[in-house]
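Student: So you can see what is in the structure, the chains are spelled out below.
Protein chains: 2
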Amino acid sequence: MKSSFKSSFYPYILSLQDQICQAIEQEDGSAKFHEDLWERPEGGGGRSRVIAEGAVFEKGGVNISAVHGALPTSMQQYFGVEEADFYATGISLVLHPKNPFVPTVHANFRYFELYNSQGNIEKQWFGGGLDLTPYYIFPEDVTHFHTICKKACDAHHPEFYATYKKRCDEYFWNSHRNEARGVGGLFFDYLQANENQTMNDWYAFVTGVGDQFIQAYLPIVSKRKNTAYTSSHRNWQEIRRGRYVEFNLVHDKGTLFGLKTNGRIESILMSLPPQVQWRYDHQVAENSPEALLVETLKNPKDWI
Amino acid sequence: MKSSFKSSFYPYILSLQDQICQAIEQEDGSAKFHEDLWERPEGGGGRSRVIAEGAVFEKGGVNISAVHGALPTSMQQYFGVEEADFYATGISLVLHPKNPFVPTVHANFRYFELYNSQGNIEKQWFGGGLDLTPYYIFPEDVTHFHTICKKACDAHHPEFYATYKKRCDEYFWNSHRNEARGVGGLFFDYLQANENQTMNDWYAFVTGVGDQFIQAYLPIVSKRKNTAYTSSHRNWQEIRRGRYVEFNLVHDKGTLFGLKTNGRIESILMSLPPQVQWRYDHQVAENSPEALLVETLKNPKDWI
Numbered sequence: 598m599k600s601s602f603k604s605s606f607y608p609y610i611l612s613l614q615d616q617i618c619q620a621i622e623q624e625d626g627s628a629k630f631h632e633d634l635w636e637r638p639e640g641g642g643g644r645s646r647v648i649a650e651g652a653v654f655e656k657g658g659v660n661i662s663a664v665h666g667a668l669p670t671s672m673q674q675y676f677g678v679e680e681a682d683f684y685a686t687g688i689s690l691v692l693h694p695k696n697p698f699v700p701t702v703h704a705n706f707r708y709f710e711l712y713n714s715q716g717n718i719e720k721q722w723f724g725g726g727l728d729l730t731p732y733y734i735f736p737e738d739v740t741h742f743h744t745i746c747k748k749a750c751d752a753h754h755p756e757f758y759a760t761y762k763k764r765c766d767e768y769f770w771n772s773h774r775n776e777a778r779g780v781g782g783l784f785f786d787y788l789q790a791n792e793n794q795t796m797n798d799w800y801a802f803v804t805g806v807g808d809q810f811i812q813a814y815l816p817i818v819s820k821r822k823n824t825a826y827t828s829s830h831r832n833w834q835e836i837r838r839g840r841y842v843e844f845n846l847v848h849d850k851g852t853l854f855g856l857k858t859n860g861r862i863e864s865i866l867m868s869l870p871p872q873v874q875w876r877y878d879h880q881v882a883e884n885s886p887e888a889l890l891v892e893t894l895k896n897p898k899d900w901i
Numbered sequence: 598m599k600s601s602f603k604s605s606f607y608p609y610i611l612s613l614q615d616q617i618c619q620a621i622e623q624e625d626g627s628a629k630f631h632e633d634l635w636e637r638p639e640g641g642g643g644r645s646r647v648i649a650e651g652a653v654f655e656k657g658g659v660n661i662s663a664v665h666g667a668l669p670t671s672m673q674q675y676f677g678v679e680e681a682d683f684y685a686t687g688i689s690l691v692l693h694p695k696n697p698f699v700p701t702v703h704a705n706f707r708y709f710e711l712y713n714s715q716g717n718i719e720k721q722w723f724g725g726g727l728d729l730t731p732y733y734i735f736p737e738d739v740t741h742f743h744t745i746c747k748k749a750c751d752a753h754h755p756e757f758y759a760t761y762k763k764r765c766d767e768y769f770w771n772s773h774r775n776e777a778r779g780v781g782g783l784f785f786d787y788l789q790a791n792e793n794q795t796m797n798d799w800y801a802f803v804t805g806v807g808d809q810f811i812q813a814y815l816p817i818v819s820k821r822k823n824t825a826y827t828s829s830h831r832n833w834q835e836i837r838r839g840r841y842v843e844f845n846l847v848h849d850k851g852t853l854f855g856l857k858t859n860g861r862i863e864s865i866l867m868s869l870p871p872q873v874q875w876r877y878d879h880q881v882a883e884n885s886p887e888a889l890l891v892e893t894l895k896n897p898k899d900w901i
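Chains as they are written, first to last, in the numbering used here: chain A, 598 to 901; chain B, 598 to 901.
Everything labelled a hint here was simulated from the structure, so no lab data went into it.
Please read these numbers as outputs of a predicted model, since none were measured by experiment.
Be aware that one or more of the hints could be misleading.
Given that identical chains are not distinguished, each listed pair holds provided it fits within a single copy or across any two copies.
[To be verified] Okay, derived cross-link-like pairs now, DMTMM-like style, lysine to aspartate or glutamate, Cα gap no bigger than 25 Å in a straight line:
no.: 1; residue 1: K857; residue 2: E767
no.: 2; residue 1: K763; residue 2: D615
no.: 3; residue 1: K895; residue 2: D766
no.: 4; residue 1: K629; residue 2: D786
no.: 5; residue 1: K695; residue 2: E835
no.: 6; residue 1: K720; residue 2: E679
Please work from the sequences and hints to get the whole structure.
Tutor: Written as structure tokens, this is what we have:
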């Protein structure tokens with residue numbers, strides 16, 4: 598019989614939410630997170646924490662939830678299973694900095710259980726990752742982010758970084774624009790026990806990556822948050838944020854899933870940027886920093 | 598053998614595009630449309646006209662296209678047919694005014710032909726409609742818009758207005774927000790010859806509605822475009838524009854269809870508003886004009 602990771606992973610994300618929120622407030626120096634506790638009528642609930650109009654962070658959310666009950670019909674089709682009970686818990690965060698030279702970041706770490714009719718665990722898996730979306734490319738920043746990702750992976754398996762870096766590039770692909778949402782990071786899903794990894798191994802891996810989030814992102818924020826910028830940089834950031842919205846609303850499985858299964862809308866859409874622009878057929882100047890970003894996103898590359 | 602409406606409907610939309618663009622430029626008094634001609638590699642092309650940063654219109658597009666060739670695989674599934682050639686032509690417009698008291702408007706009139714292996718028309722239909730998305734409710738404006746819609750319908754059938762007004766409310770429903778995108782208008786699709794209407798009847802109906810677009814919308818623009826507004830009104834408009842984006846990217850069949858069938862991205866996404874905001878869990882003050890809008894959108898009603 599499979600044993601549950603509820604009692605280890607849920608406390609882990611509770612604590613990770615606290616650590617991340619504290620580190621972000623400290624980096625911001627001005628704004629504080631606003632907390633909303635919510636309950637899901639069908640079972641479970643969450644703790645949403647949102648920061649807005651900070652000195653550094655224009656908008657961001659660090660949410661955790663633990664929900665359970667009967668698997669919604671739409672999720673049955675999605676997972677290819679019959680009627681079943683489920684339990685899902687995770688942390689999900691998106692931070693939109695004000696300064697266009699500071700990248701947006703997203704991270705998510707989650708655990709899922711599906712039960713058989715006897716109430717025993719039929720399937721269980723971990724998933725998650727973290728990825729960076731800059732508006733201007735500073736190669737050393739991207740390399741820093743990926744280096745931390747690789748270190749977190751290498752502690753568990755020499756091939757994990759290459760594998761999950763590639764999956765990240767594939768997943769966050771804005772196919773209708775033929776470009777990546779950002780410069781990637783790690784993406785993994787359906788991490789189940791197999792001949793090489795036990796669930797304990799996956800637990801160690803996922804929490805090991807989660808533990809590195811602050812170190813992967815905040816040094817970049819710290820380095821760029823005081824860089825002077827003009828309204829032209831800001832316009833570019835807002836235009837690019839439009840692509841972020843397009844990805845999340847058109848392609849992101851998690852978002853669409855939440856929207857179509859009656860999730861808590863405000864928690865799901867906290868990922869959307871605060872101020873966004875769409876201009877018709879916007880073009881970048883040749884050899885400009887803006888052109889470099891676009892070129893970089895069209896051809897995902899190795900950063901280490 | 599069915600006869601084609603290519604030679605009548607295409608010239609009609611060419612002329613309608615000219616009339617509408619001229620009327621809009623006149624109403625704006627400052628900005629002019631920028632025209633892009635584009636070709637579709639697989640057959641056909643279009644004439645996109647976009648207006649930006651006008652005195653009245655912050656962003657808008659009035660596009661026509663006529664495309665043909667082999668029906669893309671994704672469209673075969675969509676229409677429930679096998680391999681076939683097709684022809685599709687139409688006009689599509691969205692106008693986002695600067696002043697929050699002037700509503701956004703959308704209209705679309707289209708014609709479709711599917712051919713059998715002998716190259717004869719197997720199926721043909723018209724579709725389209727027009728709908729209004731205000732940020733503040735002036736009941737007399739909404740009633741004016743619906744009255745013109747009803748007149749255009751009543752000239753053809755006493756039940757058309759009620760039928761297509763209802764379809765419009767149903768189609769432009771932002772289900773994840775449990776509210777309508779706007780205050781509706783008309784929406785019709787797959788208008789095919791039946792025992793009561795010939796294709797000539799539908800042609801007369803669809804062009805009859807198209808002819809009333811200017812009269813339905815521009816008097817409202819004219820009446821409200823000089824109303825003074827504050828940054829608070831403007832914020833509300835930008836927040837509500839977020840709902841417009843959500844509808845178009847999450848629910849609108851035409852948009853998703855274009856994005857997933859390699860359509861011309863800039864023409865498809867010209868519908869997105871120029872400046873948009875997302876705030877976490879934004880609430881409106883009780884009994885405010887903003888609350889009246891939300892209340893109105895949650896319960897579609899009769900305006901005549």
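Student: Report the numbers of all earlier hints that the structure fails to satisfy, in ascending order.
Tutor: 2 and 4
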